[in-house]
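Peer 1: Here are the chains, one letter per residue:
There are 2 protein chains.
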Amino acid sequence: MKIGIPLETRPGETRVASTPDVVKKLVGQGFEVVIETGAGVRAGYPDADYEAAGARLSDRAGAYDVDLLLKVRRPDEADVEAMRAGGLYIGLLESCGEDAILPSLLAKGMRVLALERMPRTSRAQSMDVLSSQSNIAGYRAVIEAAARYGRFLPMMMTSAGSAKPARVVVLGAGVAGLQAIATARRLGADVYAYDVRPETREQILSLGAKPIDLDLGESGAGEGGYAKELSDEAKARQQAALADELAKAHVIVTTALIPCRRAPVLVTEDVVQRMRHGSVIVDLAAASGGNCPLTVADEIVERHGVTLVGLTNFPALVPADASAFYARNLLNLIEIMFERGESGPQLKDLSADDITAAMLVQAAS
Amino acid sequence: MKIGIPLETRPGETRVASTPDVVKKLVGQGFEVVIETGAGVRAGYPDADYEAAGARLSDRAGAYDVDLLLKVRRPDEADVEAMRAGGLYIGLLESCGEDAILPSLLAKGMRVLALERMPRTSRAQSMDVLSSQSNIAGYRAVIEAAARYGRFLPMMMTSAGSAKPARVVVLGAGVAGLQAIATARRLGADVYAYDVRPETREQILSLGAKPIDLDLGESGAGEGGYAKELSDEAKARQQAALADELAKAHVIVTTALIPCRRAPVLVTEDVVQRMRHGSVIVDLAAASGGNCPLTVADEIVERHGVTLVGLTNFPALVPADASAFYARNLLNLIEIMFERGESGPQLKDLSADDITAAMLVQAAS
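Top line first, the protein sequences correspond to chains A and G.
Here the first sequence stands for residues 1 to 365, numbered as in UniProt numbering.
Here the second sequence stands for residues 1 to 365, numbered as in UniProt numbering.
No lab work stands behind these hints: they were computed from the structure.
Accuracy of the hints is not assured; some may be wrong.
Since the list gives no way to pick out one identical chain from another, each pair is judged satisfied if it fits inside one copy or across any two copies.
Pairs of lysine-lysine, DSBU-like flavour, derived with a Cα cap of 35 Å [to be verified]:
#1 235 x 164
#2 248 x 25
#3 235 x 108
#4 2 x 164
#5 235 x 25
#6 164 x 25
#7 24 x 235
#8 24 x 348
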């Protein structure tokens, strides 16, 4: 059973789907691992480390011509072209509804395990790349804010007087939001947080932040622990009630995403205008239209004296750890997909396990 | 008594010598304050705030044609040209030994208070800009390291496994070093620190870091709490003994400066080669030749897989708080320089106070 790990080719992508540590485990389990030359270099994993772990270095064609392809980012047509017909693909598809690449994959007889379809069960948690990568995004968002904010995050008491701690507001208390709260608290900021799901209140408090309570007349708790979309009326109430809290913030980290929908507007232009000159907004929803309408995806812009960070790939800024977590997620997944056979690992029936069944995208679906 | 605050014109400088808060106090004490249009904008202080504080906006010529000029960075010939003859200058001179600008200043009859000559006494501490700005540099250096390091600084326990905390080594436990230690500790890193002055050991421990003990055969404690230069023999012993500790580090922040000397080499090329791929060195001595010979002043370079940050003006990256501290330092200094008179503040005899006497650079000296 041959596993391939290609170099990710999306602009700005620095991660790699597996690391030398994990490759060593896979080889130990009887897999043959082929890695494209230079695939891990940007993440801090040199080719020599993969070789030492038992992988074989190869050109691009060799890394794609495998039984099981491990990818981070969505493949393009050229990637599909290079795949071995009838193989297995594990990676993010990054698609909602109509998708040009999926028919190409299926036409080639590929069986696709789409990582964004991972069920949100406790058994699946150790394989959930959305969760592991969001965690990293939440950490890195606060580091980015600290690097772009013209003041200290912590309170500073010096002989030249003291500086008050920054007031940080985190919108959305999912995995990314909770890690953003934790990181901003570590740095000594005064942290406030808001989420439409009332059950997040206790988690916010447990991290030392103050929950912002708004009365919307309805709950935003949706299926599977995700947020659902609010009614228009509730959205308007939410914006108005949030505005005063947000205008007082010096750093805002927004993480409000609804799967396969445009991100909700939580930070209006009016709020940006009211914020203090030099404040920073890190909009983790930039790729989905942004939680602030002034955010520009993949850019850092200044509007009304406020810096808006619209970077869309924060995990790629922490590529060593992001790849390590991603690789371990995939290792955990692979371990439930295969059983030990005499001639090496044998693929189990993917439709028989609720995790792989949920992720599997087949021609019929 | 007219005070002038010009726009700083050095490339990359974003600070301003006074802030609206401090201007308000100066105006309250009877000073007339003139500020160059846009002087505070890059630091997050709009012109309107200075006007509201009682300052008068002016062009460059007006901000220089004053009794008392408040500057951040060393003036150039054009600045001296614009100064009112016989005026007072407060600012950094940034010069050692021979200096072309000082004769120009003195030829114009300026009395110069050089902020780097501030005595290191407890009474002077609230006026010490070297200290307040070093504090900021130490904080910002660690934020920069976190933003350039491809992994987490804190330990992370996730369902995809855990990431160990980064191993951070801080060289030099002066004001910058101690703040770097504190910030790295806040972020959850495992912090080690080294200083030639044995008396810093307790401060290092009190911040939760581990002191690195080396036997050099002599102490590096110099006059006034600064470090002195070691003998060549002791330097060689220091490098060798440090090398093993440094090679294990993932982030190094170096702060070893000796006034008016080339910075000592503490991180050799051999150490950089031994460090893990993706590690980061922030060299706060970059402007004085660097504590690492591979550092390039004002640049961020990669050598042997390690990122070397050679930025030379970290306070300018936190311009709002840096300017606020600087402005308060200057306010505290001005308060000992003047006494209340019937027609406004009256300059006292600068040679009569040990602080101003130490700072004063006069034609005779």
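Peer 1: Flag every earlier hint the structure violates by its number, smallest first.
Peer 2: 3, 5, 7
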